[in-house]
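Participant: Take these sequences, add in the hints, and give me the full structure.
Take the sequence shown: its position 509, counting from 1, is numbered 509 in UniProt numbering, and each next residue is one higher.
Not one of these hints is a red herring.
Taking lysine-lysine pairs in the BS3-like style, the calculated list, with each CA pair at most 30 Å apart, reads: (1) Lys317 - Lys279; (2) Lys256 - Lys297; (3) Lys679 - Lys662; (4) Lys100 - Lys70; (5) Lys491 - Lys414; (6) Lys414 - Lys256; (7) Lys315 - Lys279; (8) Lys88 - Lys70; (9) Lys89 - Lys99; (10) Lys256 - Lys100; (11) Lys70 - Lys106; (12) Lys70 - Lys99; (13) Lys662 - Lys256; (14) Lys315 - Lys662; (15) Lys89 - Lys100; (16) Lys491 - Lys125; (17) Lys177 - Lys455.
In case anyone wonders, no lab produced these hints; they're calculated from the structure. Since this is a predicted model, take the numbers as computed values, not measurements.
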Amino acid sequence: EEPLAAAPVDFLQELPSCQSARRRRGGSQERRPALLGTAGSRGAVARVQQERAELAVRPAREQPMSIAEKRILRDSQQAETERLSRWKKWRRTSSKSLKKALSEAKGLSSYVVLWRHDIHNIEGKFGTGIQSYFSFLRFLVLLNFIIFIVMFSFVTLPIIISEYGIFNSTIAYISPKNIEDSCTVYEPNGNKGLVYFYTYLKDLFSGTGFLEVTSLFYGYYTIDAVWISITRYNLPLAYLLATFAYLALSFLWIMKRSGEGFMQNLVHDADPFQSYCNKVFAGWDFCITDPNAAQLKHRSLQYELQMDLEEEKLKQKIAERTTKEKLRIYSLRIFINLIVVAILSGCFYSIYRVTVFSQENSNVSIRNDTSTDSANLLVQYLPSMVITLANFIGPLIFSFLIRFEDYTPTFEIKLTLMRCVFVRLANIGVLLFSLWSQISDCGADKCKPCGYNYKLYPCWESDVGQEMYKLMIFDFLVILAVPLFVDFPRKLLVTHCSWKLIQWFGQQEFQISDNVLEIIYGQTICWIGTFFSPLLPAIATIKYFIIFYVKKIRLTHTCKPAARPIRASGSNFFFLMVLLIGFVLACVPLGVSIARIPSSKACGPFRNFNTSWEVIPDTILEFPTVLQQILFGMASEAFAVPFFMIICIVMFYFIALARAHKRVVEQLREQLVLESHDKMFLIRKITEAQR
1 EEPLAAAPVD FLQELPSCQS ARRRRGGSQE RRPALLGTAG SRGAVARVQQ ERAELAVRPA
61 REQPMSIAEK RILRDSQQAE TERLSRWKKW RRTSSKSLKK ALSEAKGLSS YVVLWRHDIH
121 NIEGKFGTGI QSYFSFLRFL VLLNFIIFIV MFSFVTLPII ISEYGIFNST IAYISPKNIE
181 DSCTVYEPNG NKGLVYFYTY LKDLFSGTGF LEVTSLFYGY YTIDAVWISI TRYNLPLAYL
241 LATFAYLALS FLWIMKRSGE GFMQNLVHDA DPFQSYCNKV FAGWDFCITD PNAAQLKHRS
301 LQYELQMDLE EEKLKQKIAE RTTKEKLRIY SLRIFINLIV VAILSGCFYS IYRVTVFSQE
361 NSNVSIRNDT STDSANLLVQ YLPSMVITLA NFIGPLIFSF LIRFEDYTPT FEIKLTLMRC
421 VFVRLANIGV LLFSLWSQIS DCGADKCKPC GYNYKLYPCW ESDVGQEMYK LMIFDFLVIL
481 AVPLFVDFPR KLLVTHCSWK LIQWFGQQEF QISDNVLEII YGQTICWIGT FFSPLLPAIA
541 TIKYFIIFYV KKIRLTHTCK PAARPIRASG SNFFFLMVLL IGFVLACVPL GVSIARIPSS
601 KACGPFRNFN TSWEVIPDTI LEFPTVLQQI LFGMASEAFA VPFFMIICIV MFYFIALARA
661 HKRVVEQLRE QLVLESHDKM FLIRKITEAQ R
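Facilitator: Below, the structure is given as structure tokens:
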């Protein structure tokens, strides 16, 4: 084909894009528009030829042609294939077969996705905001299952194999070295003789008794190595490395999902009108053939459009506020934030006092048997009860107060989440701080022989694991009790009672912020407790699996769609950011426990080390001398400072690259707008010429 002829210079100068370029450059050069027009036409020819070359390589079914033209193209491509060599034929056939196999595998894998049908139904009935919560819950189920596989495979399974003598394996228990006898005294309060069923039930809820001596807690793993045939398996090293592995896996997985959500959120925030057009003109899935699926998709799009219109309406209302209205709103927000700060302060102080009281009384009662079982169980669960009460009441108050602050729905859920984060996650920090203050209480030379309060906490890691276990169990019981004793009776009263007071309360709405904080709170407990209770991720997996169905039943039978639905694109990213905050909070106490607090001398795989971290340098000393020098050199300041400087340089480079890409994107977006103006200009000229 002949190349496209250059358009007349005078006509190109009349295009809106050319006039805009001339205005941008000052309009002083007369010849530049002509050169620009000629170069632009040549560039257009080059782009057209490049697109045609790319289309020629694609399969016939991907070509923008009619069926008859595609058949002709397919025949010509098959004729060209016959003239290829055997090697090229085999490569082309293998490539097509591999693409087809991958496509079929991807299609089949979508059918084995956990809760795929249930989440699609929820999306259609209640919108993508609530669907994002259930997708987030599914992610935590899979994450905890993978963490359980890691801890079980590298910590628990070798012990089980050696206990049964599989693969000719044996266990080498740890014998105390250079440790005073008083530090090695650890007598778990196991059940002996005739035991009542109530005692087993109490032990099941508190993690004491028969559970304390099982593989659920840290104290069970008082093993130095496992010999499998002639191979020595270093259990202390495996225990610590498995901890680092599940933390790294969690961090990388969260960052991966956050990156995907950030890109979606960035695209949506960059041009809301483009997002609206995508929903209207490209939101429908034409592969849907089932009427029920089509109805679900229709409802999903309806909720998305409703969310867009609701936000635009609120933004318009905010823009039209007078100075008096702004002053009233800001004054009200300041007053409400003062109330929030007072509530947070009261929660933190209450948790601290109750935790100190529980630790001072429950351990003494257990060691001396000076109280009844029921009173002792109540004292042990007192911190969990107060923490759960604060977690339950705080979000309710915040959700009620946020209604008067007049924010957009998206910002409202974010602000409510941030307030609830300080209640739920900070409560865990206060609990751990109280425990460490008791463990490290060295008044009157209590810690002199062992480095910690060995009389009150002979195996303090198991005690911390029991606290995390009780928090998780009690949180699970509360999540089960609320729908049963609060939501269902409220639903029955609203449905069958016509009293104005009851109708004013109305049917419960599914509050996304409260439910997200529930599972993030539980996941933070799991991250912290896994080091002290290696099988805690299995309990968390079962817990979240049951919670999914509890929340689904609660949503479909006792709740109604939210009055202001929440968009999923921003919610997914923000949920993961809050989860990342919980992850960082979990890493801080774990790092302190591993590197700073002396390990128990009466139990655990690190009883012969001052801290759990010492197993790393102790293992490195067994390496060859050259490798030792390399590893210790990498851990020195001489390596860390240059490495940090290089990382900073690389970071600044990527920041500059991102800014350059942002400018290119802005120029391309402007170019698209100008091209649309050129098309309208050409259509108008053609219409005038025809007239």
